[in-house]
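Enquirer: Okay, here's what each chain looks like letter by letter:
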Amino acid sequence: MFSNYFKLALKVLGRNKFFTGISLFGISFTLMILMLITAFYDTEFGENPPLSNKDRLVFLSVLKMELVVPDTTLVIDSVAQGGLMAYDTTFTYGEGTNSVSISSFSYYVLDDYLREPAGVTDYSFYSSGQHSFNVFLDNRKLEVGAIYADAAYWRVFDFNLREGECFSADQVQHATPVAVITDELARQYFGRDSGVLGQEVELGNSRFKVIGVVRRSRSMNSMVAGDIFLPLTTMEGRALDDNAYQGSFQAAYLLDRSAAIGPVQAELAERTARIPLRNPEEYNRISTLPMSFGELYASRLIDNNEPQKSLFRMRLVFGLLLLFFVLLPTLNLININISRIMERESEIGVRKAFGAHAGTILYQFVFENVIITFLGGMIGMVLALGLLHLINDSQVLPHMILRFNLRVFAYSLGICLLFGIVSGWVPAWRVSRLQIADALKSNQL
Amino acid sequence: MIKLENINKVYRTDTIETLALNTINLAVAQGEFLSIMGPSGCGKSTLLNIMGLIDEPSGGRIEVAGQVVANYNSKATARFRNQHLGFIFQSFHLINDLSVIDNVELPLLYRQVSGKERRQLAQVALEQVGLKNRMSHFPGQLSGGQKQRVAIARSIVGRPNIILADEPTGNLDSVMGNEIMDILLRLNAEDGATIVMVTHDESMARRTHRLVRLFDGSQVQ
Ligand SMILES: Nc1ncnc2c1ncn2[C@@H]1O[C@H](COP(=O)(O)OP(=O)(O)OP(=O)(O)O)[C@@H](O)[C@H]1O
Ligand SMILES: [Mg+2]
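So the protein sequences, as listed, match chains G and Z. Counting with the working numbering, you get residues 1 to 445 for the letters of the first sequence. Counting with the working numbering, you get residues 1 to 221 for the letters of the second sequence.
Note that these hints are calculated values from the structure, not bench results. Possibly wrong hints are sitting among the right ones.
[Unchecked claim] Calculated pairs, BS3-like style, for lysine-lysine (alpha carbon to alpha carbon, straight line, at most 25 angstroms):
no. : chain 1 : residue 1 : chain 2 : residue 2
1   : Z       : K3        : Z       : K116
2   : G       : K11       : Z       : K75
3   : G       : K11       : Z       : K3
4   : Z       : K116      : Z       : K132
5   : G       : K441      : Z       : K75
6   : G       : K64       : Z       : K75
7   : G       : K64       : G       : K309
8   : Z       : K3        : G       : K7
9   : G       : K17       : G       : K7
10  : G       : K141      : G       : K209
11  : G       : K441      : G       : K11
With the hints as constraints, model all of the structure from the sequences given.
Expert: Okay, structure coming up:
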């Protein structure tokens, strides 16, 4: 029976080439887009190294300093009352902000006030995203992004260590000039991505000895997207001794497995707000918004001041995008399918006259549709693979390697199946209810 | 074999109400070859469809092969059609996307029959109508007479005890028509099939056992 349906499905596909073309194009294109979106999502938000713990992380990224002054407005209304003037005065109390400074944290603030909040297993202070060195190698210019970090960095972020080791607390304390580099930098700098331990990398005026090679993060998140990792004590200038409030540091806290994220965020915000200010004439309020990974990501994308709202908005946009990409073609396919299946009314009449039950007819059409969508799915998958390759090769998204993984494959297959069933079921159900005599009157065979 | 009691059929559309069948009482005996005649639009097809349980009467009682039919959409009725009834339509109603042999196999798809057995039975049926050498053709490659013979093969492949034919020779010339008629007569005589045939052709009708005439939905003879 199934082989018969299969044969018929292929015949039907071959018969109406125009419909088949449109269907296959629609399905494969949609699925390709979906696969790209899921691949992108998986790279940026999936629990992949070095961000496997992203759901248990709280970030301190922005320190806000303000000078706030009371702002009182006095309104006087005059009213004529029995030949006399009466005065009605209103005060409005508010506050105004005279100046604001927004930047990252100084090491001093993190070190003195923001260590070891309750419910946290480990935490790391690091400086990332703003240390770029130009390295000249036999007439080639290499731009190298550095991340300065403590030893805990390697416990909070689980990089894949290809060889060697990461720097230790001891090495950080003694400002030992050692470096952990990515396999990508090793390839560019030394021409090979292994066997480079003990070699030296020259950055600015310093030389660092390579002690470890890690796989580069596939994600573009700045806290992990560096080419070289150095002990934060080797940072040039007086970055660590400076007792300004703001600087170039950020912090990541790894929560206990049982801890909730809310209280940790609250404690960090509160501790920051209580930091004594030396010069209240300059700034008299200090605050920060501790963020989850998603909030941090969204706030950078949308609005720094409202991470929660931004995350919501980002999810909404993402969700609507997905819905749009799935719903629109599905509706369209249902529509095409209705006319396609209606064209076969008399076939349905014949089948029913010779003993097919409504349910059997339904299965036949849904089965046919699933075959079409799977065909489209296969084409879409090939297209997606090609496009992913192209995107990775062309470096449209620098350093971001989109990978076609099994999870994405499984999502896509599921989407295919859903597509096929949904877009086939509706018209098939309608048509399977037809009265036989009526179906046979449409002489279309 | 078929018993109709006080069958009415009313078609209602927005504007008019057509009484297609008016109190038909008719019994067809087992092994009988009955023909139905009448002017166009008098309700012949409607009557045949009601006998074949593919159209519901508006009133009256039907008994086919000893069974009274209640629910026309049930699985049981579908199986009953499959087991007991074979249809031949005026406009063939073959499935163009399927080969001749696949078309003939169709009724067996809805039974527990292995693929190999299906093929064998379909070949036997095609042999009976003299089309064994056209097995892998498609309906589009056949003449009208050949299509109708495929339709006959399809109607007999499941060995039903009742064959209902709606103007089986209506689209064919007299030579072709006579050939089809010969096949039907042979099925009736040799296999004992009960046949009800609608026709416009007096000479065809004269070769059957009994003739029923309809006029404006009523039986006049
Ligand atoms: N689905 C329908 N809706 C409304 N009226 C219908 C419908 N089907 C048939 N009729 C009407 O019922 C009457 C009988 O139709 P039927 O098809 O049985 O005629 P017939 O005797 O087979 O004619 P012909 O010889 O032309 O095939 C006709 O008047 C027709 O217009
Ligand atoms: Mg008719």
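Enquirer: All the hints need checking, so say for each whether the structure fits it.
Expert: Hints and how they fare:
1. K3/Z to K116/Z: violated (37 angstroms)
2. K11/G to K75/Z: Roughly 28 angstroms separates the two Cα atoms, so the pair is violated.
3. K11/G to K3/Z: violated (42 angstroms)
4. K116/Z to K132/Z: holds (16 angstroms)
5. K441/G to K75/Z: holds (23 angstroms)
6. K64/G to K75/Z: Status violated; Cα separation ~73 angstroms.
7. K64/G to K309/G: holds (19 angstroms)
8. K3/Z to K7/G: violated (40 angstroms)
9. K17/G to K7/G: Status holds; Cα separation ~16 angstroms.
10. K141/G to K209/G: Distance of about 21 angstroms is within 25 angstroms: holds.
11. K441/G to K11/G: holds (24 angstroms)
Comparing the model with each numbered hint stated earlier shows that hints 1, 2, 3, 6, 8 do not hold.
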